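S.K.: Listed below, chain by chain, are the residues.
There are 2 protein chains.
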Amino acid sequence: MPGTSRPTGVSKAVSNAALMDAIWDSLAGFYGDFTSAAADEGLTSSQAKTLTVLRRGPASMRSLATTLHCDASNVTGIIDRLEARALVRREPSPTDRRVKNVVLTDDGVRTVETVRTGMLATHTALDGLPDADRVALHDLLQRLFATPERGPGTPG
Amino acid sequence: MPGTSRPTGVSKAVSNAALMDAIWDSLAGFYGDFTSAAADEGLTSSQAKTLTVLRRGPASMRSLATTLHCDASNVTGIIDRLEARALVRREPSPTDRRVKNVVLTDDGVRTVETVRTGMLATHTALDGLPDADRVALHDLLQRLFATPERGPGTPG
DNA sequence: TCAGTTGCTTGAGGTAATCAAGCATCCATG
DNA sequence: CATGGATGCTTGATTACCTCAAGCAACTGA
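Residue numbers (our numbering), protein chains in the order written: chain A, 1 to 156; chain B, 1 to 156.
I should point out that these hints are in silico values taken from the structure, not numbers from a laboratory.
Among these hints, one or two may not hold up.
[Said to hold, decoys possible] The following residues of chain B were derived to be distant from chain A, with all beta-carbon distances above 10 Å:
1. N16
2. E83
3. T105
[Said to hold, decoys possible] Below, a sample of chain A positions facing chain B; criterion: calculated Cβ distance under 8 Å:
4. V14
5. I23
6. R116
7. T122
All of these numbers come straight from a predicted model, not from anything done at the bench.
No residue lacks a Cβ here, since even glycine has one placed at the ideal position from N, Cα and C.
All chains should be built: construct the whole structure from the sequences, respecting the hints.
M.R.: Listed below in structure tokens is the structure:
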């Protein structure tokens, strides 16, 4: 097995390509489940994603844009629509009058929790995983894309 | 009742909630990397996602819609734009004149490969994983969201 | 044959995403 | 102070995305 000459340098037990394919499939399953659970609550996936980020605590428009990897003006629109449905609230930052901190309303908290529990396929898949595997998976993912960034919120 | 998912059930070493959070972070990292690699090629993430699906082989419009979890009319637009850039081609199905099979052009193959190799953060993260962990991760993901569906393409 | 179904496209309407521009505020330097 | 530059948010324009309803063509089975 280690002798097989691969085009790339050091031969690995599992190629990056194979790992990426596996991650792709997982992403598709997880994200599809998330999207459909969000749709059940009348939310687009972008809106639900934003609520999920806010679950960790209030965040400024700027930090939301950074976390969501998109332009700040985009966040304005998403928050506009979420605020129109009273799922979030814009609060002026006490320390910087330019900044608006976005906070989940009680309704927003309820809704994002409903979406999470509504991800049936995901819960089923996770429930089917033996305890040792749960620990292993959590540990692996933790180390894979460790995000040293953002504590709970980074409000302005 | 083993099925009921939560608070009072059997205590797990790692809760579903914690696992979902870990999955979220990982997928966010992966997908963010993918999106930016796609943008480098002038592709939206939807377009790049579609090319990624087609990497496994030709697919009808219908099966693309199913795989991408979206309406068929949406696929029409995405394929229109990809075809205008000569990254894919619509081919009439030999067995069903209603069906159009979408195929990657040589340029499309090149482009999707470029996107994959351009996911630097992902490659770095994966390269940092010891061999045993690579095997474990691949195995875990494989079992987690095993998709018995779709062989390579499901062309009409 | 022909009713029902399926596959794809079009059009309307709203959401998402980017860029450029603008205003208010903050901050550092003079 | 003051003032030039940077930062935070919003608006407007443009394109892409996405869903639904409707339509036509083609397949299917009775």
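S.K.: Please go over all the hints and tell whether each is borne out by the structure.
M.R.: Right, here's what the structure says about each hint:
no. : hint : result
1   : N16  : violated, 5 Å
2   : E83  : holds, 23 Å
3   : T105 : holds, 21 Å
4   : V14  : holds, 4 Å
5   : I23  : holds, 6 Å
6   : R116 : holds, 7 Å
7   : T122 : holds, 7 Å
In summary, the one numbered hint that this structure violates is 1.
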